[in-house]
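**Q** Given next are the chains, with one letter for each unit.
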Amino acid sequence: MIRSDKNSAAPILELRDVRMNFGGVAALKGILHDVPEGIIQAVIGPNGAGKTTLFHCVSGLLRPTSGSILFQGKEISGFVPHRVAQLGISRTFQHVALFKSMSVLENVMLGRHPRTRSGFWATGFRLPGMRREERRIKESAGSCLDFVGLDDVSHLQAGTLPLGKQKMLEIARALATEPQLLLLDEPAGGLNMRETEVLGELIQRICKDGTTVVLVEHDMNLVMDISDQILVLHYGEYLAAGSPREIKDNPAVIEAYLGES
Amino acid sequence: MKKADRLIFIALICFIAIFPWVVQNISAISHYVELMVFAGIFGLVCLGLSLLMGYAGQISLAQAAFFGIGAYSSGILTAHFGWNPWLAMPVGALLAAAVAWMVGIPALRLKGHYLAMATLGFGVIVHIVFNEEVDWTGGPSGMVDIPGLSIAGWKISSELQWYYLVWGAVLLVLLFSFHILHSRVGRALRAIHEEEVAAEAMGVPTSRYKVQIFIFGAVTAAVAGSFYTHYVTFLSPSSFNLMWSIRFVLMVMVGGMQSLWGALLGAVLLTFVGNEWLQVFADFEVVVYGGILLIVALFLPQGLISLFRREPAAPPNPISHASDEG
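Those protein sequence lines, which keep their order, are chains A and B.
Position 228 (the first sequence) corresponds to 228 in the numbering used here; numbering is contiguous.
One rule links them: number in the numbering used here = place in the second sequence (from 1) + 261.
The hints are simulated quantities; they were obtained by calculation from the structure and are not laboratory data.
Heads up, a few of these hints could be off.
As the list claims (entries may be wrong) - Per label pair, the in silico range of CB-to-CB distance: (1) B:Ala272 x A:Leu127: 23 to 33 Å; (2) A:Gln204 x B:Ile366: 19 to 29 Å; (3) A:Ser143 x B:Gly429: 35 to 45 Å; (4) B:Ala558 x A:Trp121: 49 to 59 Å; (5) B:Val395 x A:Trp121: 32 to 42 Å.
Said to hold, decoys possible - Once the Cα atoms are required to be at most 27 Å apart in a straight line, the calculated DSS-like pairs of lysine-lysine come out as: (6) A:Lys165 x A:Lys100; (7) B:Lys263 x A:Lys138; (8) B:Lys372 x A:Lys100; (9) A:Lys100 x B:Lys263.
Here the structure is a predicted model, which means the values were calculated and not measured.
All C-beta atoms, glycine included, are put in the ideal place defined by N, C-alpha and C.
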């Protein structure tokens, strides 16, 4: 298998022969890939290629059948999701998974959970330390909402927002956990052209602020515009990896997308 | 605490303060103060259970067992060993917490309604222990010679004093619970209830929180049990059987699962219904409870408290969760 690390920066995420079987079905057949720190990495591939499965393995929602996943050089495969989040990996979901009856602000405040600590007794008795922390949580949640441009709707119920804003809110919630690595699962799904443009610009700002972004996306214009690196999966297998230009001209990729022509 | 909740809280304090003075002057209902003592004791159980059911999304069918653990701990330590009741009470609470931890850890690691099943079995076992350990509990014939409570040498003797003591405790637990709900911990609990996977991915240790809240419910039930013991000064295993656990669940459901006010409303209402207004049905009481539950589940799934609430529920998400494409 070909290793695809072409950047000189140390990899933030290393996938080493990651395999995932569901019963007899092999969803991932040994993925080997490094994601260098500080880039925007896209993962593309036709439906059923194993992109979401890969995200689930990295974020801890699935335990890979074999192989290992290294984050900042440390093994994380098989970790429970909340521990992965604690280490600095956050994500959004293909199907929006907001806390719908909570307010927009509360959704983002929840994202501060792994970076704060007041527990059961401190909150029940409203100890001073907990109140200070609560104020800080509110402030940083507010600035995350500013960052994605949702500060004007912070008191609405999350479930009442239009889909485009719900997607932005999910990103804000993920950012609130202060991730070093952000996984975006089809962030442009269901967005119109204008919204997609804003999203692309937002993802670039996130990357500029020092967060490595990995996104699964079907919108090829967006992927080609903003990605530094693209990984192509096909039926759970590595097909190609490289810069947008290289991928665009890769005959194997063209065939996978257009079928045998 | 939100502004509206704060206002209701103050109104509740006023109501509690005034209630006995109104009721005691009307001879036909002067015993309502006594009923309110029971309602307050059951209300303590329901507050803990409401957090578990409405916010952690789990059902416990062992609240009567935890209630009993508190009650018998207090009873045995004070009657057999001559302990001070105020010392016996935290021991009972600690025991309940330890037991809840042991039952909760395995049951709450699994997704789904394993806690309901585990607590169902556990509740039955506890009831058998109360029945069979005759040397300690007096068995089916009950336990007597339990002392009352006193505070700093003053014996709490009248119904009125008990009423204020119990409802004071209810107010404290209510305040504590509200603080929990409007904080980091409460947000985590509500998030678990709405989107468990997302909560977990955002760094919330979901099973640890479920265990914590289950333990909290066990502790409030045990403290309520201790109050019950010293108020009634007589214990019999039949007060702690499965029927009582179901009754607690029913109180929370009738009042409204996702509201602490609902839990209190349900506790008060069903205490009066069970002890006062439905005495005529005698043995058919269970049928009446079933009917109440059916009506509430069909027409008021959010409980009676939803009749007083204006804010609309969140609309369903436009995106379906049916498929998860890889």
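**Q** Each hint: holds or not?
**A** Hints, one by one, checked against the model:
no.	hint	result
1	B:Ala272 x A:Leu127: 23 to 33 Å	27 Å, holds
2	A:Gln204 x B:Ile366: 19 to 29 Å	45 Å, violated
3	A:Ser143 x B:Gly429: 35 to 45 Å	42 Å, holds
4	B:Ala558 x A:Trp121: 49 to 59 Å	35 Å, violated
5	B:Val395 x A:Trp121: 32 to 42 Å	39 Å, holds
6	A:Lys165 x A:Lys100	13 Å, holds
7	B:Lys263 x A:Lys138	16 Å, holds
8	B:Lys372 x A:Lys100	21 Å, holds
9	A:Lys100 x B:Lys263	19 Å, holds
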